[in-house]
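Protein chains in written order, with this note's numbering: chain C, 1 to 275; chain Y, 1 to 104; chain W, 1 to 119; chain R, 1 to 157.
There could be a bad hint or two in this list.
[Claimed, not checked] In silico SDA-like links for lysine to any residue, alpha-carbon gap of 25 Å or less:
(1) W:LYS100 - C:THR224
(2) C:LYS238 - W:PRO91
(3) Y:LYS77 - R:ALA137
[Stated by the list, open to error] Quick list of simulated restraints, FRET-style, between CB atoms:
(4) C:ASN112 - W:ASP75: 57 to 63 Å
(5) W:ASN90 - C:LYS158: 36 to 42 Å
(6) W:ASN90 - Y:ALA34: 48 to 54 Å
(7) W:ASN61 - R:GLU83: 45 to 51 Å
(8) C:ALA126 - Y:LYS84: 33 to 39 Å
(9) W:ASN90 - C:MET67: 27 to 33 Å
(10) C:LYS87 - Y:HIS93: 47 to 53 Å
[Claimed, not checked] Covered stretches of chain Y, as calculated for chain R (at least 3 residues, CB under 8 Å):
(11) 37-46
(12) 71-85
If you are wondering where the hints come from, they were derived from the structure by calculation, not from laboratory data.
A virtual CB, placed ideally from N, CA and C, is assigned to each residue, including glycine.
Residue-level listing of the chains:
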Amino acid sequence: MKRRLTVFLACLFLGASLAASAGPAEDRKALTAHYKQLLPGVKFQDYVLGALALNKDALDQYESIMMFPPFVNDVDDGRKTWEKPFKNGKTFASCFRNGGKKVAGGYPYFDNGVGKVLTFENALNACLRHNDEAELKYGSTELGLLSAYAKSLSDGMKVQVKVEGPAALAAYENGKTHYYSRRGQLNFSCASCHIDNVGKFVRSEQLSPMIGQAAHWPEFRAGTELVTLQGRFRQCQKNVRATPLEFNSEEYNNLEYFLTYMSNGLPMQTPVFRK
Amino acid sequence: MAEGMKIRATLQGDVADVKALMNHIMETGLRKDANTGKLIPAHFINHVVATLNGKTVLEAQWGAAVAKNPFLGFRVKGAKAGDKIVINAVDNHGEKMSGESAIV
Amino acid sequence: MRKKLTLMFALIAGLGVVNLSVAADAAKEPAGRTVAFDKAKGNCIACHAIPNDPKAESPGNIGPPFIMMKERFPDRNKMRTQIWDSTVANPRTSMPPFGKHQILTEQEIDQVVEYIHSL
Amino acid sequence: MMNQLRRTFLRSTGAAGTVAVAIAAGLLRPGQVLAAEWNKVAFDATTTADAMKGLNVAGAAESKDILIKAPDIAENGAVVPVEVTSKIPGTTSIMIFVDKNQNPLIAEFEFSNGAEGFVSTRIKMASTSHVKVVVKAGGKAYTATKEVKVTIGGCGG
């Protein structure tokens with residue numbers, strides 16, 4: 001076991017990070033060890049703060065803004081959508097266990113029935129579908145705000161994504177491959193920044209660890225600009241001058257699955273302010 | 001003006017700690033429309049008045065560089081639980097919004 | 001008017017200030033420096049500090065700072081190769097392959113080499 | 001011109017007090033009076049010095065009793081939290097300026113009836129600049145400044 005871990009770590013540093021033999025649990029363990037070494041002062045639960053955990057001045061601003069965030073009214077719009085009865089009188093709460101409270105930490109999950117990863121947004125749209133309502137467009141503000149409110153009902157719940165069975169593992173591995181693949185004219189992978197160079201600066205931007213990154217979406221950049229997790233994938237990939245994939249594409253859903261698995265054990269908080 | 005001023009007023013000793021958030025675009029008049037290339041006209045809250053039980057405690061004049069969805073925090077001494085805070089705001093188009101809250 | 005424009009762009013993108021001020025100084029500075037600073041071109045300061053250039057504000061620290069470059073690269077061509085495609089020397093590098101991926105033209109690379117080698 | 005006259009009138013009749021009475025008596029609605037009173041000269045000024053002149057606080061004296069809580073480096077220039085506490089007795093107003101903004105005057109806050117010399121807000125900053133605060137207390141003006149850096153984003157683009 002120890003040897004396997006060492007080999008995996010070595011692979012990380014040498015470049016061949018796709019250690020296909022290691023399973024999700026080993027991946028997570030190895031990454032946790034990697035971050036512990038590179039960011040010795042950061043407590044595990046503070047990974048949810050991303051780069052803010054590395055900078056007191058930035059964290060103070062975050063806390064000042066989160067005390068009464070500029071996006072409260074937007075999230076309220078999401079609440080209205082969540083509470084508005086469908087034509088049949090039911091609401092979104094009827095589609096989720098526990099009325100939608102403390103459930104979002106289990107998403108995305110691999111659905112063996114459809115043979116695909118299902119995200120929380122997929123579940124919101126499935127609810128609309130089952131109630132003969134029109135689905136919301138992926139990447140739309142309305143779906144973003146709805147998911148921001150709905151996920152806030154799971155604040156404090158720990159992320160607990162499961163990867164069970166060969167088909168789920170294949171989806172996880174596909175997401176992982178995406179994470180480690182270089183793309184775009186600038187030739188960066190997600191890992192180039194968030195694993196290899198974590199804590200370092202790209203100009204004034206300090207690079208956050210990928211563990212914890214998936215626990216707080218959607219976020220409001222600049223305090224008022226709604227960005228979903230997959231919207232952030234697209235922004236990052238545009239930044240490296242790659243062609244971004246579509247919202248809700250299978251590969252993005254797999255990437256979300258992989259990334260969220262890596263935040264297992266961390267408390268959800270949605271939505272949040274980011275710069 | 002869209003609905004939406006939220007006020008939270010809490011008592012700490014005999015000081016009311018008032019926090020308000022107003023839903024407003026706060027357009028500076030300095031930004032260009034990405035599609036047309038034309039300047040987007042300024043549209044911002046320029047006046048705010050807060051009262052405690054009907055008496056003015058704060059009067060503010062704002063320019064367009066107060067951040068979007070403005071936040072305002074202030075403190076009033078000599079307040080009691082149950083006292084009423086009312087905040088009125090008006091923008092440069094003359095549109096008004098207001099909010100009120102009892103101090104808790 | 002210039003000030004007005006600068007502010008306007010700053011409010012739009014939050015980034016325009018620097019680009020504009022760089023452009024304004026373009027006439028009197030080496031071409032390579034312009035390319036090195038331009039966010040859409042070299043954007044070298046995203047990752048490298050330039051300790052001797054006061055205009056290189058809040059640089060990144062992914063790569064080593066540009067200092068004593070003549071000593072570090074007695075052979076200028078080696079530096080050029082590194083900029084053109086640094087994955088040859090280190091497949092794990094974070095540095096974009098500026099020549100191979102045509103991020104910069106061959107002429108721009110020459111200009112950047114000239115500038116950085118002088119630091 | 002009308003606004004100017006009207007403001008002069010309001011000021012000369014003891015502005016806040018009179019207006020408050022008029023509002024309380026239901027003679028005036030806040031928006032109407034206040035919109036007319038907006039200090040266009042000061043807000044349209046393109047230098048802090050001119051804006052201060054427009055507010056009659058030119059020549060404010062430096063004071064250590066004004067605390068400015070603002071970041072060293074702004075997370076985002078679009079939303080910079082700024083909190084000002086004046087420990088100067090008899091503080092009646094707080095003004096906030098950003099020197100490098102096109103229009104430096106951000107806001108003016110006047111306190112009465114028990115409101116403390118404290119205000120918390122969030123402002124837009126176009127670039128790295130001094131944030132200047134002026135406090136009026138006992139008819140005199142005091143000032144303090146803090147530099148806030150607005151930085152450049154990282155990735156390509």
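Hint check:
1. W:LYS100 - C:THR224: Violated: LYS100 (chain W) and THR224 (chain C) sit about 39 Å apart, past 25 Å.
2. C:LYS238 - W:PRO91: Holds, at roughly 23 Å.
3. Y:LYS77 - R:ALA137: Holds, at roughly 17 Å.
4. C:ASN112 - W:ASP75: 57 to 63 Å: Hint holds: Cβ distance 59 Å, inside 57 to 63 Å.
5. W:ASN90 - C:LYS158: 36 to 42 Å: Roughly 39 Å apart at Cβ, these two residues keep to the hinted range, so it holds.
6. W:ASN90 - Y:ALA34: 48 to 54 Å: Between ASN90 (chain W) and ALA34 (chain Y), where Cβ atoms are some 40 Å apart, the hint is violated.
7. W:ASN61 - R:GLU83: 45 to 51 Å: Cβ of ASN61 (chain W) to Cβ of GLU83 (chain R): about 31 Å, so the range 45 to 51 Å is violated.
8. C:ALA126 - Y:LYS84: 33 to 39 Å: violated, 46 Å
9. W:ASN90 - C:MET67: 27 to 33 Å: violated, 45 Å
10. C:LYS87 - Y:HIS93: 47 to 53 Å: Taking Cβ atoms as reference, LYS87 (chain C) and HIS93 (chain Y) lie about 38 Å apart, which means the hint is violated.
11. 37-46: That given contact is violated, which follows from only 1 residues of the stretch 37-46 of chain Y lying within Cβ reach (below 8 Å) of chain R.
12. 71-85: holds (count 9)
This entry does not satisfy hints 1, 6, 7, 8, 9, 10, 11, going by the numbered hints stated previously.
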